[in-house]
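Chemist: Note that the protein sequences, when read in sequence, are chains A and B.
With the working numbering, letter number 168 in the first sequence gets 168, and the count goes up by one each step, no holes.
Just add 1000 to the spot in the second sequence (first one is 1) and you have the working numbering.
Hints may be right or wrong, so weigh each one.
Covered, in the sense of this in silico footprint (three residues per stretch, anywhere, with C-beta under 8 Å from a C-beta of chain A), are these stretches of chain B [as the list claims (entries may be wrong)]:
1) 1003-1017
2) 1041-1051
Here are some chain A residues pointing at chain B (derived, C-beta under 10 Å) [stated by the list, open to error]:
3) Ile78
4) Ala81
5) Ala88
6) Arg90
7) Phe101
Honestly, the hints are just simulated from the structure, not real lab data.
Here a beta-carbon is modelled for each residue, glycine too, at the ideal position from N, C-alpha and C.
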Amino acid sequence: MLEHSTHHGYQIHLADAVYEPAEDSYLLIDAALNEIAGSNRRLRILEIGTGSGIVTAAMMRDAPEHRYAATDISPHAIACAKANRVPAIRADLFRGLRGRFDLIIFNPPYLPTAPAERVDGWLDHAWNGGADGRAVIDRFLGQAPAFLADRGSILLLLSSLTGIETVCEHMASVGLVVREVASIRCPGERLVVLRGSLSSK
Amino acid sequence: MDILACPICKGDLELNVTEETDEIITGTLYCGKCDEYYPIEDGIPNMLPPDLRE
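My request is simple: use the sequences and hints to build the entire structure.
Modeler: Given below as structure tokens:
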């Protein structure tokens, strides 16, 4: 595995066919740490599609008092996350999990991808969001509310390429109160983190 | 372990550990209702249903 350092100073292992952390990863780390800052109880935190594991690894470093778990469908990603000491479970989104979580984090595959643009191998799962970019996000939103604890929330990373308004409407339709909690401009897109909670805190 | 359930029926799983250090390294999770095993290898439970495993 390759060592990787970032401008946040997180040292993590990377591997072939695993999404290399980028601006989206760092934006989500900042939003997640901000979300749990000041919490005076032990939170149950779940990351879906953890990839290299950088988001959960960063949270475990800065907020070790909480309980963490992370899933990914890719065998390469989940092995990489495990190497980064993340409690890793190989699973398709929430399938094979149960229980309620105080915080659910997801940096989904969000790029609109035509069938001809698919790449072979597991890395395709890291960014292929289907024709409208929302195929996996829509599945996630269909399942996530059932895994949220009372007053729990999700943090979902999105790009302006994905149709942010449409995702906001979908989140509202499954009973989530939606708020944008972070954003950054990158070449060709704007990245945002949407917070969806079961009740407004 | 307490957050894992059968990916098919969402039911309880029976844990069988074959190698353990400070965590479970190798073992299986068994669903009696579906008669299906989910392996734990290198400390990672594989909760993919059989039709999604490569």
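Chemist: Now tell me, hint by hint, if it's right for this structure.
Modeler: Each hint, compared with the structure:
no.	hint	verdict
1	1003-1017	holds (count 6)
2	1041-1051	holds (count 8)
3	Ile78	holds, 6 Å
4	Ala81	holds, 9 Å
5	Ala88	holds, 5 Å
6	Arg90	holds, 5 Å
7	Phe101	holds, 8 Å
When the structure is compared with the earlier hints, no violation turns up for any of them.
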